[in-house]
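Novice: Now for the letters of each chain:
Number of protein chains: 2
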Amino acid sequence: MIVTPQSMQFKASLPLQCGAALRDYALSFETYGELNAARSNAVLICHALNASHHVAGRYAGQDKSEGWWDNMIGPGKPLDTDKFFVIGVNNLGSCFGSTGPMHTNPDTGRIYGADFPVVTVEDWVNAQARLLDALGIQTLAAVMGGSLGGMQALSWALQYPERVRHAVVIASAPNLTAENIAFNEVARRAIATDPDFHGGHFYAHGTVPKRGLRIARMIGHITYLSDDVMNEKFGRQLIAAAKGGGQDDYLFSTLEAEFQIESYLRYQGDKFAEYFDANTYLLITRALDYFDPARTYGGDLSHALARARCKFLLVSFSTDWRFAPKRSREIVKALLHNRLGVSYAEIDAPHGHDAFLLDDPRYTSVIRSYFDSVEVTP
Amino acid sequence: MIVTPQSMQFKASLPLQCGAALRDYALSFETYGELNAARSNAVLICHALNASHHVAGRYAGQDKSEGWWDNMIGPGKPLDTDKFFVIGVNNLGSCFGSTGPMHTNPDTGRIYGADFPVVTVEDWVNAQARLLDALGIQTLAAVMGGSLGGMQALSWALQYPERVRHAVVIASAPNLTAENIAFNEVARRAIATDPDFHGGHFYAHGTVPKRGLRIARMIGHITYLSDDVMNEKFGRQLIAAAKGGGQDDYLFSTLEAEFQIESYLRYQGDKFAEYFDANTYLLITRALDYFDPARTYGGDLSHALARARCKFLLVSFSTDWRFAPKRSREIVKALLHNRLGVSYAEIDAPHGHDAFLLDDPRYTSVIRSYFDSVEVTP
Numbered sequence: 000m001i002v003t004p005q006s007m008q009f010k011a012s013l014p015l016q017c018g019a020a021l022r023d024y025a026l027s028f029e030t031y032g033e034l035n036a037a038r039s040n041a042v043l044i045c046h047a048l049n050a051s052h053h054v055a056g057r058y059a060g061q062d063k064s065e066g067w068w069d070n071m072i073g074p075g076k077p078l079d080t081d082k083f084f085v086i087g088v089n090n091l092g093s094c095f096g097s098t099g100p101m102h103t104n105p106d107t108g109r110i111y112g113a114d115f116p117v118v119t120v121e122d123w124v125n126a127q128a129r130l131l132d133a134l135g136i137q138t139l140a141a142v143m144g145g146s147l148g149g150m151q152a153l154s155w156a157l158q159y160p161e162r163v164r165h166a167v168v169i170a171s172a173p174n175l176t177a178e179n180i181a182f183n184e185v186a187r188r189a190i191a192t193d194p195d196f197h198g199g200h201f202y203a204h205g206t207v208p209k210r211g212l213r214i215a216r217m218i219g220h221i222t223y224l225s226d227d228v229m230n231e232k233f234g235r236q237l238i239a240a241a242k243g244g245g246q247d248d249y250l251f252s253t254l255e256a257e258f259q260i261e262s263y264l265r266y267q268g269d270k271f272a273e274y275f276d277a278n279t280y281l282l283i284t285r286a287l288d289y290f291d292p293a294r295t296y297g298g299d300l301s302h303a304l305a306r307a308r309c310k311f312l313l314v315s316f317s318t319d320w321r322f323a324p325k326r327s328r329e330i331v332k333a334l335l336h337n338r339l340g341v342s343y344a345e346i347d348a349p350h351g352h353d354a355f356l357l358d359d360p361r362y363t364s365v366i367r368s369y370f371d372s373v374e375v376t377p
Numbered sequence: 000m001i002v003t004p005q006s007m008q009f010k011a012s013l014p015l016q017c018g019a020a021l022r023d024y025a026l027s028f029e030t031y032g033e034l035n036a037a038r039s040n041a042v043l044i045c046h047a048l049n050a051s052h053h054v055a056g057r058y059a060g061q062d063k064s065e066g067w068w069d070n071m072i073g074p075g076k077p078l079d080t081d082k083f084f085v086i087g088v089n090n091l092g093s094c095f096g097s098t099g100p101m102h103t104n105p106d107t108g109r110i111y112g113a114d115f116p117v118v119t120v121e122d123w124v125n126a127q128a129r130l131l132d133a134l135g136i137q138t139l140a141a142v143m144g145g146s147l148g149g150m151q152a153l154s155w156a157l158q159y160p161e162r163v164r165h166a167v168v169i170a171s172a173p174n175l176t177a178e179n180i181a182f183n184e185v186a187r188r189a190i191a192t193d194p195d196f197h198g199g200h201f202y203a204h205g206t207v208p209k210r211g212l213r214i215a216r217m218i219g220h221i222t223y224l225s226d227d228v229m230n231e232k233f234g235r236q237l238i239a240a241a242k243g244g245g246q247d248d249y250l251f252s253t254l255e256a257e258f259q260i261e262s263y264l265r266y267q268g269d270k271f272a273e274y275f276d277a278n279t280y281l282l283i284t285r286a287l288d289y290f291d292p293a294r295t296y297g298g299d300l301s302h303a304l305a306r307a308r309c310k311f312l313l314v315s316f317s318t319d320w321r322f323a324p325k326r327s328r329e330i331v332k333a334l335l336h337n338r339l340g341v342s343y344a345e346i347d348a349p350h351g352h353d354a355f356l357l358d359d360p361r362y363t364s365v366i367r368s369y370f371d372s373v374e375v376t377p
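As given, the protein sequences belong to chains A and B, one line each in that order.
Residues 0 to 377 in numbering that gives the first Met the number 0 are what the first sequence spells out, letter by letter.
Residues 0 to 377 in numbering that gives the first Met the number 0 are what the second sequence spells out, letter by letter.
This is chain A alone, in the form it adopts within the complex (with noise of 0.2 Å):
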């Protein structure tokens, strides 16, 4: 499946939950599939800290350029696009197309840096409701999303409850636990104590905070991966092992790196300073943090959740301890509180979060009969 993303420019004002204001903002998007004529296949997909609206099939000539959710979404797979007329979406604030801080702020004429507003997973949606309009979709047979993205396809189902037929929200929660909080701090401020991040307006300066970028990977890193897949994965093997040395070669070196963990970390940190952007990792990791639907509702999710009308689908997995299965529960509780129809998948799988990206056979068949079941009138 080859696919062009797209761009859309909206001139009018978007509102934001923090009191400012956003004009003039892109979206960028992708669409696979047709919609029909009744324009009720339409499928969204949220995206979650560092994905895009490059969720399904590859770019002309760029042979490995699949999308994030690729082995998901396509002609013939889970969520079929023979079937459904998919829509990916960048969100704002992020660096891959989207408006984010990295662009120049029209009141100003300056780039946003670290003015550009503190978007909320509420702003999003918002947003992204305003690109279903501009493309004639008043509702969609379903929103889905994991992790971060699943907080926005709940966020859907109470901001646009008529808009929405099915929301499958996947390795997600009903908000961030202070653990969780934490990590995202520890990483926020290993960007913003990096000399090179100036405040946030380090574009100005010729400057990437690269240092706090690949720390705060790291750390995002581990919190992805369960326990027992990285012991099995790395466990304690040698660098100089994998290079064919023996196993009593320590370095006693504290700056070297000794173990596989360690190389895979830094690779990964590495990788990750090269395109993502710092201002943005601060945006999305604070919207994480603030999403908290029950919270206008003194903590009571149930209450929260009563402007819902669509049905649900909930998945977790067994080893996420990021986003554990009884964060999943908690909203499947409230859910059914509401006399909701929920279907709710607890997959008794290794990979932590990450299994949400992954092919596992239990997981992909939930999704794909999920879907199977969602009516779509021609």
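No wet-lab data here; the hints were simulated from the structure.
One or more of the hints may lead you astray.
Identical chains share a label here; the pair holds if one copy fits it or two copies do between them.
[Said to hold, decoys possible] Cut-off 20 Å, straight-line C-alpha distance, at most; resulting in silico cross-link-like pairs (SDA-like, lysine to any residue):
id	residue 1	residue 2
1	Lys310	Val341
2	Lys209	Ala191
3	Lys232	Gly75
4	Lys63	Tyr274
5	Lys332	Arg294
6	Lys209	Met101
7	Lys82	Ala36
8	Lys209	Ile1
9	Lys76	Ser6
10	Lys325	Asn230
Please read all numbers here as calculations on a predicted model, not as lab measurements.
Starting from the known structure of chain A, arrange chain B on it as the hints suggest.
Specialist: Using the frame of chain A, we list chain B on its own:
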């Protein structure tokens, strides 16, 4: 109990596992209680990452100078200094008085800095044994430690099986998991990539890599606490709420601390960066990484522990995810396989890894009754 730190100078060269040697080094230590005539009542306390030889008691004129295990050790306390002669010792490479990277290398006349040799748990135990020699103590009634200190206690039983009668190994593990090493590595990278680190020779530059130390400590603190206790202590409480503001007052900032867990971590990081040495942090986390007594036995822990001759008490805490109970059980099983006397207590405590430093009547009574049973010939 008023105590006084002491220091012992060692001329003779101490060969290290890395192949280097240390000479003309000092060990800081303290003692509590009286060594009996038979010299049979000595208990050595081994410290973990950021602690020292100041284990119990107070310094004269300093009301708030309690030792780090003062709740456990003293007259009438679980480890009763009316019965035992207790020794606390600061490890080589640390930053509380014993020779470390901030001291002068006698071979070069320059400050060690990054050239301080990489020391291991086994090296520390050898240095501790020389201190005992100098104090005229041939056999320990017991050696006790938590976390990294527990690794030293275990290693004592293997390196000097005839010199230990009891080993008390608390909240510890037979080696680090890949995830443990991963957290250590991120902390080390934060320090080593701080521009103020200068390859470990920051003393000569008049700088301190405080940014890196702060990040390292924040990561550490997350792993010392359980998710549960973090939620109970901080939850999603805003700083504004603690200051009397309403819960609706999101600051919508990525740089300011918003949640109470954030200010807690920042405070812990700031405090740590004021007193802890960056090179020491690298050395001590590396000693943790390297400890693995089963390594030279093809990973067979039972085989590795066959050398031990003493009796053991193992203690673990249910919510400790850094050194989980299952890691202590691995040691217990290997000891039982060798038909060694072992008692094991798994305490259902909410406080995570930090529990080993806290007062819990179930925990302290286990320690008390174990030491009551340790026979001391007068």
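Novice: Which numbered hints does this structure break?
Specialist: Hints 3, 8 and 9 are the ones this structure does not satisfy, whereas the remaining hints hold.
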